[in-house]
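Letter by letter, the chains look like this.
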Amino acid sequence: MSVGLEHYLILSAVLFSIGLYGVLAKRNAVVILMCIEIMLNAVNIALVAFSRYVVPMLLTGQIFAIFVMVVAAAEATVGIAIIIAIYRNRESIDVDKFDLMKW
Amino acid sequence: MFDIVFWVLAAVTVGAALAVVLLRDVFRAALCLILLFFTIAGVYITLHADFLAVVQVLVYVGAISILIIVGIMLTHEVWRGNPSGRLRIPAIVVSLLLLGTLVFSAVTTKWQTSDVPPQEPTTAAIGVSLFGEGGFILPVEIAAVLLLAAVLGAIVLIREK
Chain S
680 MSVGLEHYLI LSAVLFSIGL YGVLAKRNAV VILMCIEIML NAVNIALVAF
730 SRYVVPMLLT GQIFAIFVMV VAAAEATVGI AIIIAIYRNR ESIDVDKFDL
780 MKW
Chain W
5 MFDIVFWVLA AVTVGAALAV VLLRDVFRAA LCLILLFFTI AGVYITLHAD
55 FLAVVQVLVY VGAISILIIV GIMLTHEVWR GNPSGRLRIP AIVVSLLLLG
105 TLVFSAVTTK WQTSDVPPQE PTTAAIGVSL FGEGGFILPV EIAAVLLLAA
155 VLGAIVLIRE K
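Chains as they are written, first to last, in our numbering: chain S, 680 to 782; chain W, 5 to 165.
Hints are computed from structural coordinates only; laboratory data are not their basis.
There may be inaccurate statements among the hints.
[As the list claims (entries may be wrong)] Part of the chain W face toward chain S, derived, beta carbon under 8 angstroms:
(1) Val18
(2) Val47
(3) Ala129
(4) Ser133
(5) Phe135
(6) Leu151
(7) Val155
[What the hints assert, rightly or not] Output of the computed footprint for chain S on chain W, the stretches with three or more beta carbons under 8 angstroms from beta carbons of chain S:
(8) 65–76
(9) 102–110
We put the beta carbon where it would ideally sit given N, CA and C, even for glycine.
Could you build the full structure based on these sequences and the hints that come with them?
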């Protein structure tokens with residue numbers, strides 16, 4: 680069986696699930712940010728695969744993937760800034776100890 | 005040939021993603037993340053998305069990985085390793101459930117695939133649809149404002165009081 684749309688979608692699903700596991704289970708905030716990047720990349724693979732196999736002449740999936748990359752870059756910048764600001768205040772980036780916004 | 009390339013890229017990608025969540029050393033996890041970004045650029049090349057592969061290398065390998073490594077360096081948490089929290093077992097269950105659902109729906113759906121050969125090179129076509137008549141010029145402008153807001157927000161958050 681030659682490689683088709685399903686293979687790319689399954690690859691994307693596997694990467695997304697690994698990223699979701701990391702986001703839910705890890706305690707280091709930087710590692711959580713890395714897992715969010717894995718999830719965004721998985722979504723990009725699915726978008727580009729749909730663009731390639733469903734509408735090869737339109738390229739809309741690739742353009743959407745470019746916007747996802749823009750938002751991912753903005754998110755990584757602000758995320759790292761927030762993590763460093765929290766580290767300055769609390770000397771830790773262990774998310775199990777983040778209860779600043781609990782009442 | 006194409007199939008072999010896809011399987012090798014897919015195996016390395018999944019292995020690198022597993023290494024990111026399973027390795028004890030945070031810095032090595034970040035290096036595996038960079039390997040993951042590179043192999044995803046390779047996956048884009050197998051999908052005939054040449055421009056996107058270059059953007060992937062520029063933005064992810066060039067910028068975001070540096071940002072993450074700087075984040076690891078500035079927070080002295082490397083010695084504490086990469087431990088899992090209390091939610092480890094529920095997280096495994098939830099991600100396996102999600103994986104099963106996604107794979108099931110991807111395999112059982114009858115996709116209306118097109119047999120038209122893909123465009124190559126894509127750079128000019130993407131430029132026309134981003135900036136041309138009736139294209140995505142408004143989202144491009146909004147993305148510019150978003151990036152400016154993110155940069156200003158990062159500076160405000162990280163500034164010494």
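Status of the hints after comparison with the structure:
no.	hint	in the structure
1	Val18	6 angstroms, holds
2	Val47	6 angstroms, holds
3	Ala129	6 angstroms, holds
4	Ser133	6 angstroms, holds
5	Phe135	11 angstroms, violated
6	Leu151	6 angstroms, holds
7	Val155	7 angstroms, holds
8	65–76	holds (count 7)
9	102–110	holds (count 5)
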